[in-house]
Amino acid sequence: MSYTPDIMKLISNPDELFAEMREYDTKLSKPALIVLLLATLVALNQYTIITKLSEVMPDRLSVFFKIGGYIGMISSFVGVFAVWVIIAVIMHGLSAFFFEGEGDFRRTFEFVGYGFFPSLVGSLITVPMSLYYIAIARIPEISLVQLQQNPDVVRAIIVSIIPKDLIYSNLIVNIAVIMWSLTIWSFALRYAREIELKEAFVCALIPTVLFTVYQLWSILKLL
Numbered sequence: 011m012s013y014t015p016d017i018m019k020l021i022s023n024p025d026e027l028f029a030e031m032r033e034y035d036t037k038l039s040k041p042a043l044i045v046l047l048l049a050t051l052v053a054l055n056q057y058t059i060i061t062k063l064s065e066v067m068p069d070r071l072s073v074f075f076k077i078g079g080y081i082g083m084i085s086s087f088v089g090v091f092a093v094w095v096i097i098a099v100i101m102h103g104l105s106a107f108f109f110e111g112e113g114d115f116r117r118t119f120e121f122v123g124y125g126f127f128p129s130l131v132g133s134l135i136t137v138p139m140s141l142y143y144i145a146i147a148r149i150p151e152i153s154l155v156q157l158q159q160n161p162d163v164v165r166a167i168i169v170s171i172i173p174k175d176l177i178y179s180n181l182i183v184n185i186a187v188i189m190w191s192l193t194i195w196s197f198a199l200r201y202a203r204e205i206e207l208k209e210a211f212v213c214a215l216i217p218t219v220l221f222t223v224y225q226l227w228s229i230l231k232l233l
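Just so we're aligned, residue 11 is where the sequence shown starts under this note's numbering, counting upward by one.
Think of the hints as simulated: they come from the structure by calculation, not from any bench. All figures in this text were calculated on a predicted structure; none of them were measured in a lab. Don't take each hint at face value.
[To be verified] In silico BS3-like pairs for lysine-lysine, Cα to Cα no more than 27 Å straight-line:
(1) K62 <-> K37
(2) K40 <-> K19
(3) K37 <-> K208
(4) K19 <-> K208
(5) K62 <-> K40
(6) K208 <-> K62
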């Protein structure tokens with residue numbers, strides 16, 4: 011039998027939710043939908059930046075800039091799913107190596123997917139704000155000479171578009187999202203791998219820290 015997860019219970023009582031879900035067949039459609047929506051928001055944000063910058067690029071470079079940007083956008087979209095796989099593999103492996111966790115990878119993969127729900131909520135807050143500032147930004151045209159003299163001019167323009175207050179706000183939201191995800195992953199791994207909660211927390215903490223360092227570095231380099 012399959013089980014339809016209650017998103018409200020994921021928010022209010024993930025411990026009870028995963029305890030109930032482990033009694034039913036694995037169902038990847040709901041976590042896949044969460045990750046799909048998150049990936050779409052990430053790609054949308056990148057698409058908006060690419061479109062805005064392509065308007066001020068030299069005509070001879072505009073097409074190549076768009077192509078490179080679209081390739082990056084697709085990579086970002088696929089990358090969200092890749093992160094899901096990588097985090098699930100790390101957590102599954104750590105729980106097996108250190109705590110002799112039981113249960114197949116498919117279950118781990120399913121439960122870990124729900125840990126991206128906080129990222130989806132956070133993106134629903136941060137992405138619209140970023141899109142607003144990108145939309146109203148007035149960017150001077152970039153000449154070929156400028157690009158030759160200063161290859162970092164595009165990055166400098168991107169940084170100038172987004173106010174520092176927004177960057178700090180995104181930083182706060184990301185920290186909250188990470189802590190929420192860690193909580194969900196701890197309960198998820200507890201029931202997916204049949205281990206103690208403190209053991210699940212340790213297994214979830216390691217990839218979360220690595221993911222956090224990367225995210226914070228991505229935000230702080232804009233300051």
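Subject >> Those earlier numbered hints the structure runs against, lowest number first >> reply: 1, 5 and 6
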